[in-house]
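There are 4 protein chains.
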Amino acid sequence: MKTGITFLLTGGTIDKEYEALDKPFTIGSGAVSRVLGYVKPNFDYEILPLMQEVSVNITDEHKALIKKSCKESVYEKVIITYGTDAMSEIGGILADISDKTIVIVGALKSQLIKDTDAEFNLGFAVAAVQIMPPGVYVAMNGRVYPWNKCIKDMSTGQFKEILE
Amino acid sequence: MKTGITFLLTGGTIDKEYEALDKPFTIGSGAVSRVLGYVKPNFDYEILPLMQEVSVNITDEHKALIKKSCKESVYEKVIITYGTDAMSEIGGILADISDKTIVIVGALKSQLIKDTDAEFNLGFAVAAVQIMPPGVYVAMNGRVYPWNKCIKDMSTGQFKEILE
Amino acid sequence: MKTGITFLLTGGTIDKEYEALDKPFTIGSGAVSRVLGYVKPNFDYEILPLMQEVSVNITDEHKALIKKSCKESVYEKVIITYGTDAMSEIGGILADISDKTIVIVGALKSQLIKDTDAEFNLGFAVAAVQIMPPGVYVAMNGRVYPWNKCIKDMSTGQFKEILE
Amino acid sequence: MKTGITFLLTGGTIDKEYEALDKPFTIGSGAVSRVLGYVKPNFDYEILPLMQEVSVNITDEHKALIKKSCKESVYEKVIITYGTDAMSEIGGILADISDKTIVIVGALKSQLIKDTDAEFNLGFAVAAVQIMPPGVYVAMNGRVYPWNKCIKDMSTGQFKEILE
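So the protein lines, in turn, are chains V, Z, L and H. If you're matching positions, the first sequence starts at 1 in the numbering used here and goes up one per residue. If you're matching positions, the second sequence starts at 1 in the numbering used here and goes up one per residue. If you're matching positions, the third sequence starts at 1 in the numbering used here and goes up one per residue. If you're matching positions, the fourth sequence starts at 1 in the numbering used here and goes up one per residue.
Because the hints were derived from the structure by calculation, they are not lab data. Hints may contain errors.
It does not matter which identical chain is used: a pair holds within one copy or between any two.
Here are the simulated SDA-like pairs of lysine to any residue, each with C-alpha atoms no more than 25 angstroms apart in a straight line [said to hold, decoys possible]:
no., residue 1, residue 2
1, Lys114, Gln52
2, Lys114, Leu65
3, Lys68, Asp153
4, Lys114, Glu161
5, Lys149, Asn42
6, Lys23, Phe43
7, Lys68, Glu19
8, Lys109, Ser33
9, Lys68, Lys160
10, Lys67, Asp22
11, Lys109, Leu36
12, Lys114, Pro146
13, Lys23, Leu163
14, Lys71, Thr156
15, Lys63, Gly92
16, Lys160, Ile47
What you are looking at is a predicted structure, and each value in this text was computed from that prediction instead of being measured.
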C-alpha cells in the first residue's frame, strides 16, 4: 500500500462559505486543498469530497458512504473533515475498521475566517494520522483522542477527554 | 513531570514582523501565542522567548541557551521555533538530550502573512511532539523526521527525507 | 465645527462575528475600529455603536436613534455602517438632514472573513464622506450614489445605479 | 471618454511578495486585482503593470513611462500604486497633466499581510479619484492631499499635511 493520506470531506464548519446572499452560509469543499496549497506537503494524498453537509444533516446513507470510502481508500491513513457536533458518533460507526488510521477533524470556525483554527487543526491531524497506530481518533484543540474518549463541551466548544 | 508543552522561541521567518519603516522586517515573538489563541488548546504550556534572530545570526551562546532551556524545561515535550535554514544544525546540538521529545519547527512565510504555513506547521508540531517518543525531530511540510534525516531543498524550500 | 468623522455602527454583515456555538453568527461592533487600527488615520473621529442588528431587525426606534445621532454628531461628516439590504430605506429617513455629509456603507462579507470587501468599502466611504458635499449617500462596490439613486441587485449582491 | 479608472502599477510595498527563498521579498503586481476581486466593482477599469520596483529604484526612464502612461490612459481617472517613500516626487513629475485626476496611493504593509492597510487605501483612492477634480493627489492614511501638500513622517510612516 502506498504511503500517503486520503482526505474524505463531508462538510461541517471548516468548509462553511459566505458567498450566498440569501442564507448565512453554505458548505463547500475547498478548505483542505487551500490549506495544503500553503504548505507544499511532502506526502502523497488524495482529496475526496463525499458530501457538503453540517453534521445534523448527515444521514444513514451519508454514513454508509463515509464508511465505504474509508474501507476503500487508496491510503491506509485517512483524515475525515466533519462537523464538530457529531464526531464521536461517526467515530463509532467506523470503529470496526481495524487496519487503517482514521482521524476525524474539523474546526470551530470556517477556514475562510481570519482567526480560524482550521489550519492548525489540519496540521495537527496530518501529524496524528501519520504517527498513530491503526484506530479511529478525534483530533481537536491540540489533542488526539480515541473516538470514544472525548466530548465537546457545548458551552465553550472545546473538546475534552472523558474522565473515567 | 507535568503533562504539557514548552515552546522555546528563537526567531526565524515564522516570527518575522513588518512594522519597521527602515528595514524589510524585524523578528518578534508573537506567532505561537497568536496561533494558540485561535485554538483553545486543551493542554498545558509555557512559552519562553529566548531570542529573536534569523538562523544565520544564532551564535554559540544562543545555542547554549537553547540547549540549557531544553534540559530545564518544565515539560518533557518541547517545541522550538527556529529559522528553516539551520534546523538540522541545532538538532545536532540537542541530540544527546535523551529524556525529552523535542520538535524543531518553523515556517517558510511569517505567521503574519495571509497564506502562511505557520498555523499548519505549529498544529503539526503540537501533534508530533505529543505522540513521538523521546528524541530530536524536525517537523516541516507535513512530515516529521529525526533531526539528521532531512534536508531543505534550497530551490523549493521544501524539506525532504535524506535517502540513504 | 471640528474636522473629523463620526462613525455610527448599527450592525449588518460587516460586523458579523462567528464565535457563537449555537447560531451561525452574532453581530458585534468591532469592524470599524479594527480597520482603522490597520491604517493610522490622519483625521479625528469618534465611533458610536448604536445597535447590533441585521437590517431586517431595525425598528422604528432604531431608526429614530440613528437619525438623532446624525443630527447630534460632533463631526459634520458621518459614516453609518448598515446592513446592505435596506440602505436606501435608512437613507430616506435621513434625507432631510441638509447640513451634514452622511455616507451609508456596509459589506457583503464580514470584516472577519479573509476575502472581505469591508476594508475597501470603509476606505472608500472615508474618502467619499470627506469630499462629497452635504447630502445622504450610499457607498458600495466602489461607487457613491445619492441614497435614492442606487439599488442592490439581489442576484449578485452588487449595488447599481437606478437608470432613469 | 469612457467612465472608468486606469490603474498603473509601479511596485512599492503594497506589491511586496514573500515567496522568494533567498531574499526578504520581491515585488509583484497582483495587489490591485486581488483587492478588486473582493469587491465586485461597479466601474470599468484597466490594470497596467508598468514596472515592479521599490521607489528608490525608480529611474528617469521609469518616470517617463509613468508619465506617458498617464497621458495615454484610456480613462481620465488614474490611480498609480507607488512606494510610499517618493510619492511627492512622482507627483511633481506628473503635475503638468491638467486634464486628468491622478491619485498616487500605496501601503505601509504589503497587501499580502494580514493587517495590511492596502485594501483600505485602495478603496480610499478609488473614491478620491472619482470625486476629485483634475489634478495630481497623494492618498494615504485616510486623507487626500494635493501632491505637494503632504509629507511622510519618517518616524511613524504616517502621511501628514504640510503646514504653511
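So, going through the hints one by one against the coordinates:
no.: 1; hint: Lys114 to Gln52; verdict: both (22 angstroms within a copy, 21 angstroms between copies)
no.: 2; hint: Lys114 to Leu65; verdict: neither (32 angstroms within a copy, 32 angstroms between copies)
no.: 3; hint: Lys68 to Asp153; verdict: neither (30 angstroms within a copy, 38 angstroms between copies)
no.: 4; hint: Lys114 to Glu161; verdict: neither (28 angstroms within a copy, 32 angstroms between copies)
no.: 5; hint: Lys149 to Asn42; verdict: between (31 angstroms within a copy, 14 angstroms between copies)
no.: 6; hint: Lys23 to Phe43; verdict: neither (37 angstroms within a copy, 27 angstroms between copies)
no.: 7; hint: Lys68 to Glu19; verdict: neither (32 angstroms within a copy, 34 angstroms between copies)
no.: 8; hint: Lys109 to Ser33; verdict: both (17 angstroms within a copy, 18 angstroms between copies)
no.: 9; hint: Lys68 to Lys160; verdict: neither (29 angstroms within a copy, 33 angstroms between copies)
no.: 10; hint: Lys67 to Asp22; verdict: neither (33 angstroms within a copy, 28 angstroms between copies)
no.: 11; hint: Lys109 to Leu36; verdict: both (18 angstroms within a copy, 14 angstroms between copies)
no.: 12; hint: Lys114 to Pro146; verdict: neither (30 angstroms within a copy, 33 angstroms between copies)
no.: 13; hint: Lys23 to Leu163; verdict: neither (39 angstroms within a copy, 29 angstroms between copies)
no.: 14; hint: Lys71 to Thr156; verdict: neither (34 angstroms within a copy, 35 angstroms between copies)
no.: 15; hint: Lys63 to Gly92; verdict: within (11 angstroms within a copy, 47 angstroms between copies)
no.: 16; hint: Lys160 to Ile47; verdict: between (28 angstroms within a copy, 22 angstroms between copies)
In the structure shown, a violation is registered for the earlier hints numbered 2, 3, 4, 6, 7, 9, 10, 12, 13 and 14, in ascending order.
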